[in-house]
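Chains as they are written, first to last, in this note's numbering: chain Z, 748 to 1107; chain R, 112 to 362; chain D, 25 to 91.
There's no promise every hint is true.
What the hints assert, rightly or not - Pair ranges (Cβ atoms, derived):
(1) D:Gly74 / R:Asn345: 51 to 57 angstroms
(2) R:Val117 / Z:Ala981: 51 to 57 angstroms
(3) R:Thr119 / D:Ser54: 24 to 30 angstroms
(4) D:Lys43 / R:Leu354: 24 to 30 angstroms
(5) Z:Asn976 / R:Lys122: 15 to 21 angstroms
What the hints assert, rightly or not - When the alpha-carbon atoms are kept at most 30 angstroms apart in a straight line, the in silico BS3-like pairs for lysine-lysine are as follows:
(6) Z:Lys953 / R:Lys344
(7) R:Lys261 / D:Lys27
(8) R:Lys115 / D:Lys43
(9) D:Lys27 / R:Lys122
(10) R:Lys128 / Z:Lys944
(11) Z:Lys944 / Z:Lys987
(12) Z:Lys974 / R:Lys128
(13) Z:Lys944 / R:Lys122
(14) D:Lys71 / R:Lys115
(15) R:Lys157 / Z:Lys944
(16) R:Lys261 / R:Lys307
(17) Z:Lys987 / Z:Lys953
(18) D:Lys43 / R:Lys307
(19) D:Lys59 / R:Lys306
(20) D:Lys43 / R:Lys306
Don't read these hints as lab results, they were simulated from the structure. Note that beta-carbon positions come from the ideal geometry of N, C-alpha and C, so glycine has one too.
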Amino acid sequence: MARVFMKGCEAMAEAAVRAGCRFFAGYPITPQNEIPEYMSRRLPEVGGHFVQGESEVASVSMVYGAAASGTRSMTSSSSPGISLKSEGVSYCASARVPMVYINVARGGPGVGSIQPAQMDYLQATKASGNGGFRMRVFAPATVQEAADMVYAAFDYADRDRNPVLILSDGVVGTMMEPVELPPMKTEEEVAAIKESKRSWAIVGHKLDYAHRAWIQPGQWSTLLQQKENEAAAALYESWKSDARAEEYLLEDAEIVLTSYGICGRIAKSAVNVLRREGVKAGLIRPLTVYPFPYGAYDRIDYRRVKGILDVEMSIPALFLEDVETAVAGRARISTCLCSGGNIMSRDAVLRAAAKIMEGN
Amino acid sequence: MAEKLVYTRTKTIQEDKVSGFCPGCMHGTVMKLIGEVIDELGIIEKTACVLGIGCCGLQMDYMAYDNITSPHGRACAVATGIKRTNPDTFVFTYQGDGDLASIGLAETMSAANRGENISVIFINNGIYGMTGGQMAPTTLLGMKATTAPKGRDPKEHGYPMHMCEILDKLTAPVYLERTSCNTPQNLMHTKSAIKKAFVNQLEGRGFSMVEIVTTCPTNWGMDALGALDYLEKNMLAEFPLGLIRDRTKEA
Amino acid sequence: MAKIIVIAERCKSCGYCVKFCPKEVLAIGSAVNSKGYEIAEAVHPEKCNGCAICGRMCPDGAIDVYR
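For reference, chain Z alone in the conformation it holds in the complex:
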């Protein structure tokens, strides 16, 4: 496959189209604007449909409708827009409707700032809407990962009949990098995917009360609602084995940096600098932030490690909470933080690492 030089947002949009996404609804908000813009050009080329919704609230409900009637569908937004979409996502999770959505995160809270940040970590991984549903959440650090994760997300969504979130950020979304785009699904494959959903899709069926399509985001019967919640909980549990992290130079690490998304990449380059300076540094970079790769932190040699450095573009630190759970007191955790749209600098990471190595 040819490598192309592409902006993160556009690569994610193209990957979605190649995965068979044929409906997108979205709303303008920086820094994800290139996704709806790209989709508005690209989807008509493949017989797909694009709608600029009147709001994020409406857009996610359009996706709920398109996905509930069998079409691979996606929406995207940034931080405050993601808050507006939480209702629709919760409905999709409740009604078992597969969809993919992307958060190109920015500074917060509130309207925050339009520059990149990682301040939606808890929103993304702990509670993206009411009712305690969970989602697979992927955290790309490169344009290549972003494209690949979006592409895979559609298969996960269909397999689980559940929403999937790509937790990106303004850096990955707006920077350009060479990327090898995943293969384009043929029209036959796209049609077959839709046909495979026909039994439950809201497209009309023979008049038969028992076999009509019936997509309900909640149940009148509390017993039935609990039964559905139990089934969902079992599904979420089954994902634990799919947790993934990049474990880099952990074997002899005396200091372990841990971070996700763009910060994970900055932290990795800091590890390389530290290694050149003779410091045995290692890295754990979750690729899935739900299910969280707690196991990776068990492969740290705590007898050897002086400290863990959590690197994230969020104040207060949020990713830190999962790191604390994973480390479970086995080492001291320091943080290297910035927020509000300021982008993490490698020097800051190196200074923080140096402090740990000096033992204070």
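Following the hints, put chains R and D in place on chain Z, whose structure we already have.
Here is chains R and D on its own, set in the frame of chain Z:
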């Protein structure tokens, strides 16, 4: 000569289920009319109903054809998603006044303004039914509600909203009519209005809405027949019945 | 001879059929269904001409009409 069955409940309503609606509630009436029209048009097998949240949403258990419940107020958006990606599916929304004119006002206006090829059935009973009688955008001036205990006061609560007339300011909508089911004649006219709104969609003409003024005996604090009188004297005075727009021929 | 049949379990005693029957065939009776509604019944069945207004006006499809 043995008598022939000339009228019975439409088969689109589930055989052994009695609706949860209050006595005299016209949600049941309208859903029967919709079922009869879908049956007569022979489109049951390609029909998808998008239900709003509220008493209108109680229909989900009684319809024998495909239906999906949308988030409160988002039915027109959900219908947009379905119709755009399944143009051969017949998609109609079924919404109450809170769903369509309050929380869903933007979705309704925008779908109408985009000229989505969907049919909207809007039940206007001037109150929030399911949640127990709160004030709606169409609550009449002076009408009491649990959130307007002294009655709707324009200084505080503004005025009843006339959705057909509001949508009539948009270019795209093809057919807008307000009807009621309070008399046999009005009921039959409501059925033909529903059929017209549905045929518009089947023939790809674009956005149609039928606003049906109905009663809510329980939350108006009346019995079924008393509510009918109240509707005739008060609701219809505020919401006159009639054709608001019909561009069927030009569409 | 036209006639109507009230499906007892579907009737909610709202009275629309009684009000709109042009021949005043119907009335709310004293028989009660499982939900406690007093069921409408044809008290003057001989007057029924099978116009089906009662059936159409009934919100719950509780009346079948024969002619």
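Hints versus structure:
1. D:Gly74 / R:Asn345: 51 to 57 angstroms: Since the Cβ atoms of D:Gly74 and R:Asn345 sit about 35 angstroms apart, the hinted range of 51 to 57 angstroms is violated.
2. R:Val117 / Z:Ala981: 51 to 57 angstroms: holds (53 angstroms)
3. R:Thr119 / D:Ser54: 24 to 30 angstroms: With Cβ atoms ~26 angstroms apart, the hint holds.
4. D:Lys43 / R:Leu354: 24 to 30 angstroms: holds (27 angstroms)
5. Z:Asn976 / R:Lys122: 15 to 21 angstroms: violated (34 angstroms)
6. Z:Lys953 / R:Lys344: violated (43 angstroms)
7. R:Lys261 / D:Lys27: violated (48 angstroms)
8. R:Lys115 / D:Lys43: holds (25 angstroms)
9. D:Lys27 / R:Lys122: At roughly 21 angstroms apart (the allowed maximum being 30 angstroms), R:Lys122 and D:Lys27 satisfy the hint.
10. R:Lys128 / Z:Lys944: holds (28 angstroms)
11. Z:Lys944 / Z:Lys987: At roughly 26 angstroms apart (the allowed maximum being 30 angstroms), Z:Lys987 and Z:Lys944 satisfy the hint.
12. Z:Lys974 / R:Lys128: holds (23 angstroms)
13. Z:Lys944 / R:Lys122: The given pair, whose Cα atoms are some 26 angstroms apart, holds under the 30 angstroms limit.
14. D:Lys71 / R:Lys115: holds (17 angstroms)
15. R:Lys157 / Z:Lys944: Holds, because 15 angstroms separates the two Cα atoms, which is no more than 30 angstroms.
16. R:Lys261 / R:Lys307: violated (40 angstroms)
17. Z:Lys987 / Z:Lys953: violated (39 angstroms)
18. D:Lys43 / R:Lys307: Roughly 29 angstroms separates the two Cα atoms, so the pair holds.
19. D:Lys59 / R:Lys306: violated (34 angstroms)
20. D:Lys43 / R:Lys306: Given pair D:Lys43, R:Lys306 holds - Cα atoms ~27 angstroms apart, limit 30 angstroms.
Going through the hint list in order, the structure does not satisfy hints 1, 5, 6, 7, 16, 17, 19.
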